[in-house]
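K.L.:
Please arrange chain B on chain A, whose structure you already have, making use of the hints.
One letter stands for each residue in the lines below.
Protein chains: 2
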Amino acid sequence: MEHEHTNNTLKVKNLGIDTYRENIVFMRADCHICQSEGFTALTRIIVHHNDKSIIATLNVVHSELLRHDETALSTEAMKRLSVKDGDCLTFSHLEHIDSLSYVRAKMYHNELSEQHFKEIITDIAAGRYSNIELAAFISVCSDDNLSMNEITGLTKAMISAGQRIQWNDAVVLDKHSVGGLPGNRTTPVVVSIVSAAGLTIPKTSSRAITSPAGTADTMETIAPVNLGLDEIRQVVEKENGCIVWGGAVKLSPADDIIISVEKSLDVDSEGQMIASVLSKKAAAGATHVLIDIPVGETAKVRSSENAELLREHFEVVGTAIGLKVKVILTDGSQPVGRGIGPALEAMDVLSVLRNEQTAPEDLKEKSIMLAGILLELTGKYPGGTGEQTAKEILESGTAWKKFKSICKAQGGFKEPGYAKYKHDVLAEKEGTVKTIDNRRLARVAKLAGAPKSPSAGILFLSPVGKKVKRGETLFTIYSEAQGELDYAIRYMKSNNDIVKIQA
Amino acid sequence: MEHEHTNNTLKVKNLGIDTYRENIVFMRADCHICQSEGFTALTRIIVHHNDKSIIATLNVVHSELLRHDETALSTEAMKRLSVKDGDCLTFSHLEHIDSLSYVRAKMYHNELSEQHFKEIITDIAAGRYSNIELAAFISVCSDDNLSMNEITGLTKAMISAGQRIQWNDAVVLDKHSVGGLPGNRTTPVVVSIVSAAGLTIPKTSSRAITSPAGTADTMETIAPVNLGLDEIRQVVEKENGCIVWGGAVKLSPADDIIISVEKSLDVDSEGQMIASVLSKKAAAGATHVLIDIPVGETAKVRSSENAELLREHFEVVGTAIGLKVKVILTDGSQPVGRGIGPALEAMDVLSVLRNEQTAPEDLKEKSIMLAGILLELTGKYPGGTGEQTAKEILESGTAWKKFKSICKAQGGFKEPGYAKYKHDVLAEKEGTVKTIDNRRLARVAKLAGAPKSPSAGILFLSPVGKKVKRGETLFTIYSEAQGELDYAIRYMKSNNDIVKIQA
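One line per chain: the protein sequences are A and B, in this order. Here the first sequence is numbered in our numbering, starting from 78 and rising by one per residue. Here the second sequence is numbered in our numbering, starting from 78 and rising by one per residue.
No false leads were slipped in.
Any copy, or any two copies together, can satisfy a pair, since identical chains are not distinguished.
Straight-line distance between alpha carbons at most 20 angstroms, and here's what the computed SDA-like set of lysine to any residue pairs gives:
1) Lys529 / Thr287
2) Lys161 / His139
3) Lys577 / Asp408
4) Lys340 / Ser178
5) Lys88 / Ser140
6) Lys529 / Glu172
7) Lys156 / Thr117
8) Lys88 / Leu142
Because the hints were derived from the structure by calculation, they are not lab data.
This is chain A alone, in the form it adopts within the complex:
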């Protein structure tokens, strides 16, 4: 050792390296701590600062980037540990994470209990899992690897890991659409109608997992969505409803971390989806929940058998955690609305709320239907009258007025805009649109930059059954960067049958 040290600390140097959600700690391979503790690349370490500590993965440095008495943390790790340049940190070996033995047990097909899931989810929420460990957890819980008991246990674990909002109302409504269908942005319309009817619907939405836009991404192009718990309470007390991002209030903090890795793997599993959806509804204080499952060959749920099974699972888990859950199956054969991507979907929503003549009829009808079911679900509207009531609230302009008030209460309304770059995809022959490949259509929107670039995406103009001429625009790709537009176009060239036309 060339250097004398009187203690076991290193000083923070802010390198400004952003590794997203994962905690990374940087140390010189030849610093006194690596030497004396035997730390090497990928060692998992506990980093202490005052009375806080985090678990981080070590990247070792073989250069003068750091001095012998310096260390660095990734941006997120600095935040979690509340440290700044020059702060002193201490380090210790990671006592092994008990809950990881349950993840391994699950790999070997052992059934996990609610208590196991509680420990796993608590550790994930505290940032104690590396991305590798998260990927393992997600993989072993994928598809039908979780039993009903396990899904219920996971759901309860997710609820108890975060905040839970209490409302004074006996009936608190919520809704959720299972993804996989591009567009389909009914939530802002439904919330506006239902809250205009005087019912409580504090809607917390998520950002996109594997899709080109989540409701929170879309709504953010119109109004602020990153509201804290007190702000949400104020909005809902004033307007009966809100449309905010759930992640900002940490209703299910583990879920957001899990999603960041799921995104990178481009999977989400049934059990985790049910747990994710229902835990957020319960944590948001909902009592009555409507779940919309679009069914279609290229939607997330492909057959009505699968949908029926999913419906049953949602209802069983819902009952187990004390929610009244109604599940409906809807048409998932093609996009609902014209926009795909945050801003483009927001334009559809505004057009429906404003009762514009050019508003997408399918989006309007579906929103009215969902709002009608929610009205009836409360027991305050006789069966068969909900939809008519919802229609009147929308068409009278009452819903639009309510939406503007909600936006104002959330921090202010703004109009979404179009992206700078665009490219029209044209019909190569005359004929009738037969099928739409939702998955590849969503992929094009994502390659074009959605949801990261809010105005990127697709304006979809060729629903099933439409007669098109050769050279007519089937859809337009929007992008905020030329590189991304090129990339989407390149993908299109080897996938020119996303919209299938029959002569």
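P.N.:
Relative to chain A, chain B alone:
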């Protein structure tokens, strides 16, 4: 954009950041490439240099660590791309990795074909999978999730991804012990006996996955093991046998990458184990392979039912890839030999080869038995005579002479040494040793620093059946750093029943 750029390149700045096997690229969030291509943290990017390219995960930099025209790569990525400080790189979006769709299909329980595995393994070997993606692949292939066809497909895929050595001999021997049993370092003794008998045994061994030492780690404390293909050929042509690290010759390059993530997850699965073991044997040019499966409550294989199943799987896959495989089940109730950890195991090996009176008898007997079976497996020794021949070769000193020659041919012999720090674990009462917990014993050795610190580990002195007095040393923990010794001792304190004594 504040800066004008005439091209699409960034200059490499060597930051010396070691992320182990994963390719990481660092760029300023506000550099012209991130801006124009829409790259953000965790984006997967193709990095080009001359006619080479790699896939890397982006970490974005929000500081003056890099200038606007600079980029950095992790140490391993710089090597893979053969770049140095100041080289110019270009970047493009990652066209999606086709083989990942097979990993997702496997998550949903679809059977994969040999061709699917070939594509997956080719991509992994080329460094195209992120650690997250590797963790998903490992998790979905864990336990009994692979069918026999899939294990065979994976094995063939692993063989074809690396080099394959051809020998002129009709019979080329190899052996493998399934892990989980601390110590059990028979290989150097077996190779010495068998090659002294004039048979060809080009032994390539692995480093530890989840154990305190692999044969390559142990052998490295006595002689160089990082030999290239030509060097191995020279050693074997001269001495009939060698004991080298398989990873250095890239016999199964994907396997080594998979192992780096498996290590971090602390799992290895049956299918991957069979594929890993047999692909390396086939790639090393073996024709006849002996597999030793230690069976014990705290060994990797816990019951004889599991062992019989594993035996069958090894034989079926072996036959499918053209190997003659013999599997034997051995006692896995406690460590074989006294040392646990690279140098301490090496001392046992040397003591057996030197026919020292104090040599561990169990290690000697097991080595003779295995060597005897290998001799008979060739058909050159009648059934029942192999073991006696092996014993004579060992006890006459011929094996020891051969071992020294092999070490010399590999680059020179040296004596392993003891670690600086040690701690005796004492019997808390008088009685007879009833059971040993192999797993927790291995854990203590690992916490003490093995195999990373070669002389760290355990000297084990209390085999089952031994009568011990209160205060007698059950085992001694060795460590190269005080921090690691403290850590192992701390673990011991809450696990004081690793050696169970009955009064």
